[in-house]
Amino acid sequence: MLRDKVKSFIYLFLFLILIWLALVSSLGYQELLTGILITLILALFLNEYYLKLGLPPLSLRRFAFFIIYLAVLFKEIIKANFDVAYRIIHPRMPIKPGIVVIKTGLKSDIAKMILANSITLTPGTFTLDILGDRLLIHWINVRSEDMDESTKIIGGKFEKYLRVIFG
Amino acid sequence: MHITGIIITGIGTLFLFLGSLGIFRLPDVYNRLQAGTKCTTLGAFFTVIGVGIIEPSWFWKTLIIAFFILLTNPISNHALGRASLKSGVPLCDRSVVDKSKDFDQYKSKAE
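Protein chains in written order, with our numbering: chain D, 1 to 167; chain P, 1 to 111.
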């Protein structure tokens with residue numbers, strides 16, 4: 001238990017100091033000293049909340065998959081943005097909006113939150129509600145009304161990475 | 001460097017324009033949310049990053065701003081969409097499927 005606490009404290013500290021360094025964008029010893037002092041105090045106070053998030057322990061494999069996941073997400077965002085832009089400027093607006101239900105195999109709350117946010121970030125689909133392992137999705141161009149098939153189209157590409165990261 | 005930044009900012013502005021065009025053209029609240037918050041995600045992202053490239057000393061700050069846009073945009077979008085659904089805003093006539101009515105059946109299984 002204490003080991004977890006120390007570990008999460010170190011992660012939080014590193015994360016905060018990275019943000020601080022990006023904000024001041026200099027490596028002068030004054031900035032570094034102030035930054036270390038402030039992030040130490042912040043990390044001490046926020047450690048409890050950070051633990052409550054239930055983030056999985058860090059490992060190289062998880063980190064690598066997270067980077068791949070970000071790349072996939074960014075590719076999907078750009079692809080889908082062009083898709084929605086095309087639908088908007090097309091004179092007849094080829095949209096087929098609808099609300100569908102999809103299923104997720106993810107267990108932890110934070111994994112489900114990241115999946116829902118990824119779905120929302122990809123244009124064309126956004127999450128309206130979550131109950132248990134079902135997600136309510138608004139889809140601008142419904143390609144399938146069947147739950148399993150739409151799960152594959154909407155969530156499939158993110159879920160396999162998230163399953164490794166949070167599994 | 002300067003030219004690259006201007007081009008990226010230009011792409012971002014184009015997406016912001018398309019997003020606002022979508023708000024006028026699309027038929028109902030949910031579709032407008034699609035255009036209003038999605039094209040602006042990439043639009044704002046590119047615009048901010050482009051400014052960071054034009055002014056290299058701001059780059060890391062703009063990266064943080066872009067990161068927070070990516071974090072907060074879907075949440076506001078989700079909140080607006082869910083609130084519209086709960087207060088009974090209807091879908092447009094062109095909608096092909098609406099499964100929100102039977103969504104409550106999963107509640108008992110979830111608890």
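Calculated directly from the structure, the hints in this document are not laboratory data. Note that beta-carbon positions come from the ideal geometry of N, C-alpha and C, so glycine has one too. Careful, some of the hints might be misleading.
To be verified - Beta-carbon label-pair distances, calculated as ranges:
| hint | chain 1 | residue 1 | chain 2 | residue 2 | range |
| --- | --- | --- | --- | --- | --- |
| 1 | P | 55 | D | 10 | 31 to 37 Å |
| 2 | P | 86 | D | 89 | 27 to 33 Å |
| 3 | D | 79 | P | 13 | 17 to 23 Å |
| 4 | D | 46 | P | 21 | 20 to 26 Å |
| 5 | P | 2 | D | 107 | 45 to 51 Å |
| 6 | P | 55 | D | 67 | 26 to 32 Å |
| 7 | D | 48 | P | 105 | 21 to 27 Å |
| 8 | D | 90 | P | 13 | 19 to 25 Å |
| 9 | P | 86 | D | 10 | 29 to 35 Å |
| 10 | D | 5 | P | 67 | 25 to 31 Å |
17 to 23 Å as the expected CB spacing between residue 13/P and residue 79/D, which holds or is violated: Given about 20 Å between the Cβ atoms, the range holds.
Is it true that the C-beta distance of residue 2/P to residue 107/D lies inside 45 to 51 Å, as the hint says? holds, 49 Å
Okay, residue 86/P versus residue 10/D on CB: inside 29 to 35 Å? violated, 42 Å
Taking the Cβ atom of residue 90/D and the Cβ atom of residue 13/P, is their distance within the range 19 to 25 Å? holds, 21 Å
Starting from the hint 25 to 31 Å, judge whether the C-beta atoms of residue 5/D and residue 67/P obey it. holds, 27 Å
Would you say the C-beta atoms of residue 46/D and residue 21/P sit inside 20 to 26 Å of each other? violated, 42 Å
Just tell me: holds or violated, for the beta carbon distance of residue 48/D and residue 105/P against 21 to 27 Å? violated, 37 Å
Can you let me know if the beta-carbon spacing of residue 55/P and residue 67/D is within 26 to 32 Å? For residue 67/D against residue 55/P, whose Cβ atoms are near 27 Å apart, the range 26 to 32 Å holds.
For residue 55/P and residue 10/D, compare the CB-CB distance with the range 31 to 37 Å and indicate the outcome. With Cβ atoms ~34 Å apart, the hint holds.
So the hint says 27 to 33 Å: do the beta-carbon atoms of residue 86/P and residue 89/D match that? With Cβ atoms ~32 Å apart, the hint holds.
In summary, the numbered hints that this structure violates are 4, 7, 9.
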